[in-house]
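Given these sequences and hints, build the entire structure.
If you read the sequences in order, they're chains A and B.
To convert, note that position 221 of the first sequence is 221 in the numbering used here; the numbers rise steadily by one, no gaps.
Count along the second sequence from 1, then add 1105; that gives the number in the numbering used here.
Treat the hints with care, as some may be off.
[Said to hold, decoys possible] Subject to a maximum C-alpha distance of 30 Å in a straight line, what follows is the list of computed DSSO-like cross-link-like pairs (lysine-lysine):
{"hint": "1", "chain 1": "A", "residue 1": "1101", "chain 2": "A", "residue 2": "14"}
{"hint": "2", "chain 1": "B", "residue 1": "1113", "chain 2": "A", "residue 2": "507"}
{"hint": "3", "chain 1": "A", "residue 1": "275", "chain 2": "B", "residue 2": "1476"}
{"hint": "4", "chain 1": "A", "residue 1": "42", "chain 2": "B", "residue 2": "1410"}
{"hint": "5", "chain 1": "B", "residue 1": "1442", "chain 2": "A", "residue 2": "230"}
{"hint": "6", "chain 1": "A", "residue 1": "121", "chain 2": "A", "residue 2": "275"}
{"hint": "7", "chain 1": "B", "residue 1": "1411", "chain 2": "A", "residue 2": "340"}
{"hint": "8", "chain 1": "A", "residue 1": "230", "chain 2": "B", "residue 2": "1410"}
{"hint": "9", "chain 1": "A", "residue 1": "476", "chain 2": "B", "residue 2": "1132"}
{"hint": "10", "chain 1": "B", "residue 1": "1411", "chain 2": "A", "residue 2": "275"}
{"hint": "11", "chain 1": "B", "residue 1": "1112", "chain 2": "A", "residue 2": "479"}
{"hint": "12", "chain 1": "B", "residue 1": "1411", "chain 2": "A", "residue 2": "144"}
{"hint": "13", "chain 1": "B", "residue 1": "1132", "chain 2": "A", "residue 2": "507"}
{"hint": "14", "chain 1": "B", "residue 1": "1221", "chain 2": "A", "residue 2": "507"}
Bear in mind the hints are in silico, worked out from the structure with no lab data behind them.
Here the structure is a predicted model, which means the values were calculated and not measured.
Each chain is listed here by its residues.
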Amino acid sequence: MPILDFLLPKNGKKQKVILLGSGALSIGQAGEFDYSGSQAVKALEEENIEVIIINPNIASVQTNIGNNRKVYLYPITPFWVEKIIKIEKPIAIISSFGGQTSLNCVIKLEKNGLLKKHNVKVLGTQVDSLEISEDRKLFAKKMKLINAPIAKSHAVSNVEKALETADKIGYPVITRSAFALGGLGSGLANTPIELRKLTQAALLSSPQILIEKSLHGWKEIEYEVMRDGKGNTITICNMENFDPMGIHTGDSIVIAPCQTINNVENNMLRDMAIKISQSMNIVGECNVQYALNPKDYEFYIIEINARLSRSSALASKATGYPIAYIAAKIVIGFNLLELKNPITGTTSAFYEPSLDYVTLKFPRWDLNKFIGVSKNLGTQMKSVGEVMAIGRNFCEVLQKAIRMVNENEDGITVNIFKNTSDEELEKELLLPTNLRIFAIYEVFKRGKNIEYVYEKTRIDYWFLSHILYIANLEKKLKKNLQGILNKCEYKCKQISVQTIYNKIPKKFLQELKARGFSDFQLTKIYLSVYLKNNIKLSIKEIRELSFGIRNLRKEYNILPVVKQIDTTSSEYPTKSNYLYLTYDGIHNDIIIKKNKDSIITLGSGSYRIGSSLEFDWCSVMTSGYFKNKKNDSVIINCNPETVSTDYNASDRLYFEELSFERVLDIIDIETPKGIIACMGGQNPNNLIQPLSEVNVNILGHSCESVANAEDREKFSAMLDKLKIDQPEWTSATSIKDVKKFIEKTGFPVLIRPSFVLSGTLMNIANDQESLNYYLSLTKDVSIDFPIVISKFILDAKEIECDGVAKNGEVIISLVSEHIENAGVHSGDATMVFPAQKIYTHTVNVIKDIVRKIIKELNLNGPFNIQFIAKDNDIKVIECNARASRSFPFISKISGINLAELSCKVMNAEKVKKILLDESEILFVGVKASMFSFQRLDGADPIVGVEMSSTGEVGCLGFKFNHAMLLAMEATHIIKPTKGILLSTGREKEKVKFMEVINNIYKFNIPIYATKGTAEYLKAKGYKVNVVHWNRYPRAIDVIVNGNVDFVININKNLSVNELYNNSKIRKLAVKCGCSVLTNLEKVIAYLKAYDSYEELKNIKKCISL
Amino acid sequence: MINREYKKAYLELSNGIKLEGIAIGSKVSVSGELVFNTGMLGYSEAMTDPSYLGQILVFSFCIIGNYGIPIPKDGNFFMSKGHESSSIKTQGIIVSDIFDGCYHHDGGISLEKWMKKQSVPGIAGIDTRYLVQLIREKKDLFGKIIYDDYLIQDKTRFEFLKNFKDNDYIEPSKYNLMPSISTKEKILLGNVGFKKKVAIVDCGAKWNIIRMLIERNCQVELLPWNTDFTKIKCDGWIISNGPGDPRNTGDLVNRIKNDILCFDKPVLGICLGHQLLALASGFNTKRLDHGHRSHNQPVFSLPEKKAYMSSQNHRYAVEKRSIKNDWNLWFENANDKSVEGLKHKTKPFMSVQFHPEASSGPNDTAWIMDKFVKLL
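Set out below in structure tokens:
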């Protein structure tokens, strides 16, 4: 048997193995670990192993229930893992599929002797090797032993030593901290002053940091290595960063396979990767990162990850080789030769994929969502998601990727920097932000040469040549179009886009399409020539015009072809169903039989703030449902960090743009029975309207229903008609309108501008001053740029109802509540289900409103309706006619899979009304949000109406208090042990806070408070240390010196000044690794929960799904 | 991505299909056997690999030419990596996208310029994935690169081409290619001070075989294929890789049998050399349905029970059931189980179907050279 002896069933009983997940998604550790964990679970279950999954990430696919698995939604900490070990008595534990979180946890468990104590073996790479990979000093020693070059690195533990070292090796230097995920605490220092700042901050979260020679401008290259217990080793893929060293890989554009290195360099680095994996005794997967000198064959090893990583997920999607699945088989004892390559089904898994296409990863940043964050990219990762484009040439994948990552952009020609000065552009090249690629394009358009850009950016000539090539194509096209227009007489200027493009040589149009120009983009380029850059058409209008190009292409037979990803470059015939489309080819790899049964599910695209794992979960459920129903289940998605893009998540996967044009192309190829667009979040939902207009059969809600729910005016009118209450609102087209509205309703108001120059989209204005400030951020209020302004209700509860409807009848509706009062975005709020604090009567009223709305909208599928309740008034805020963020949470706790139920409805199956009384649910679930402020330099860690969390967890308890404590711990709000810094807001909040003041003192640690709060507490007889803004003892000192590890900082109000004052404390606290809470209701709920702390700690039984 | 005006060229296939593309390289028409390679890098090594003689090479990877062609600063092509012989050996190349610049620190000239200099044509803009499938499905596929409707083929580059007429499809394995590819005279390479000397029977030897021997302190004597082997003084023999059908090599098999194998000096056969050694030992060879031409061929070492990634380029293989008692199967292909290596039970004879010298491709089996040198 290939499988390790001790994993074989004993006395007819399956062996148990613990698999640790990665917890909540955060910057640097995202959905890729759901992909790797899910593949691992599958690989283990196939071998008759019972998998015990510990992961509080309730929206993940791996935490779905299954026959051969048990799911524990608990924090991934040694304490909880040990508890579950005691309960389950597993034989082994796997660390390498849950990112840094699970790796660190296993290292700690081993170091504390807990694994030995409970007789739990570590599968895969052993802990001593893991430690070497994590501890820079040990790693350096190990590499020296095998003559592997690493950049001279010096461990220091204080600032002075750091400065001394840097003097020795010479500036610029980079710093990095040991035991950090995603490059936290690292940075580039050009001067001693910069270094001092960097090290001070880094040393707060890590006892040891490293100073290294800067390899700024070198090529950054990665290898993914797979090695089995017998020592058979392969490299799956290499990848190269478009952005050279200096920008974190997570923030770099990455191309796979490498494009600018030659065979000698490739094999030099590949040999070294294999040598390292051997010396580290890797069993499973690892990745090795290099810096390669662009001027000669010199290279350094940057780091290795002895586990699955974001890169391995990308490599897996880029090559088609199921890395995590094979790695999981290896850690349980298989060798590579005993395994088949699942993509071909015939060839050996001991095989290095050959690609006949290129892939390009493009990061998604949502920096606009964070107040005050620096947009510059550096060695700390800031992106929240990514996409991958597949094509047959670099121009094609670059333009595809740009469209995938931001659906509103139309390719590299988007003209972001049209009005920017040359000086500003040069600055953008030198100090890159997330928009650098567009600056490069603009610079080329202005006639600068490759040398100029290379000097500023150090981006390889090969990449730059291609960008210049696109710029030249655009120039040539414009010249062509201008020529055609010049020949036109006045009257023919009314002619359609189709007629104009008809005069462009067919070959040229083919070339443009092959280089990644979309029809929409070509239309816009035409309009920019025709209207002299004065485009005032809406997206909808341009899209309609672009249909002319589509028609022309069909006439010309310029159509995209379907190609397979098969790992062998077609050397062997395969039945691979992993597909992409390209214009750079003439032959379809597969012919799809005209099939009346295929159902296309539109995935969610890139992860972003507001659309994350939960929508991938919904997509996977949907695709899986139709796969099981023997429909041809087809998925379109472009996010490599997902389970939905796994090779067996659907019958056919199109790794493609979720754009109107591309979805239509696929519909032309598939001629499906229907399209499902309401399960992947807002992104695919936006396609319902345009697709319906061209008569695509959208399953579920009708286009009209969706429009009626989404259009504010219509929805509001409908509520009025149904006599359902809603907050007052207006759409203001002038400042006069705004004034009039405020005269009527008073402050505070919620404003939502339709066009924003910088900063965030939505804000609550408490007074005239704040209102003026927020309005100043937007364009002038006008007919073209109206703002929506509504009454903001203070101290109101927020309630949500998720459910499924069929033909206007509610099949099921489930009510949950927020801990935070209204004013915190529902994506950031802490959610409780079943609701604990609302009356049955209120629930009944809400369910009645839901019925009315569903009826009136005639919904037919998943929905989510949000309410606010104050006293007994219930007002409707909004209705989403699609699956919502809370679907997995509600489904897993209620035991009713809302996604599957939605599929049944959309498939026009018979479904019965489900009458579930929430009060019958035995557990309480708390869904809490994970914030990544620690990574976002300068971002104010405050929660507000604009969503800023990057992930979430959902934990279960027999009591609310248990679930609350667990959920907080899982989102890294940790029980304080050093000290607490309080700042509790206005008088009203101070009074409220007294509810839990005794729990604060029960921690028995020093309490610090800012002046007002301290005086208030002293007057009530509490002992407290006063700290000040500017006088000693200062608030910032107790944070920096580590006197406190928990900061409660509640705003007095939401005025601009107040936010600014407190933000310094909050930012610093986050940077120093303190737990920070800023919302009063959340603080109170959390501190109250400590009443049950001891009980939870001593609990004998953990709840499993 | 070609930054200039370009002209059309056609690829006419022996199965009747005609594909249109963009003419690259030299403006001539040629014909040859169509083969593909799925390696993603190493186009200069492949194009200079003598085993591709008479063939039109299709690169399955979609962008070729990215790092240009290395031109050594000291003019010593032999010792600079990137070249496996002194000139391009393929008849022509077919690519999807070509990069026409050259910016790599080791590159001296663009791929296109190099092809022009060496009178080698090619076509870009072809759906190479489709073409690979055509080659895979059709056991033998031949083609013509037709530039400007000009049907007169350029047949000046190699001797055997003269056997064909202008409208013929060139089928290289029909002829003995040794006279066209083997060195005309003996060449002594490496340091005179080296204690060991290896004689290489040059059937189209890749330069990296020689480089590796020199790196391992061996003197190398490169021999014309028709040398009288009995007159050669050496410590061991390498029968090199090369093009064509192993049975179509004149009297070479016999002379290997009689003049090399009857002495007990160490012998290493590589690729074609492996097939020749097998034939000389009385085994059979066969033409595979489709060849192995890639950098990712998994070979399994039976004695070690361990697998290696190997670089391969062959159409013929040794028939497994013909292997006789005094030889052991050493390596087999983990995918199709074909013979990848043989080892004599008692004598220091061994041979491998793959390329331990790699170039291009993975170096994982370079240890075979160490093993051979140790035997000397």
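Here is how each hint holds up against the structure:
no.: 1; hint: A:1101 - A:14; verdict: holds, 21 Å
no.: 2; hint: B:1113 - A:507; verdict: holds, 12 Å
no.: 3; hint: A:275 - B:1476; verdict: holds, 19 Å
no.: 4; hint: A:42 - B:1410; verdict: holds, 28 Å
no.: 5; hint: B:1442 - A:230; verdict: holds, 20 Å
no.: 6; hint: A:121 - A:275; verdict: holds, 26 Å
no.: 7; hint: B:1411 - A:340; verdict: holds, 16 Å
no.: 8; hint: A:230 - B:1410; verdict: holds, 9 Å
no.: 9; hint: A:476 - B:1132; verdict: holds, 27 Å
no.: 10; hint: B:1411 - A:275; verdict: holds, 16 Å
no.: 11; hint: B:1112 - A:479; verdict: holds, 22 Å
no.: 12; hint: B:1411 - A:144; verdict: holds, 27 Å
no.: 13; hint: B:1132 - A:507; verdict: holds, 22 Å
no.: 14; hint: B:1221 - A:507; verdict: holds, 25 Å
Of the numbered hints stated above, none is contradicted by the structure.
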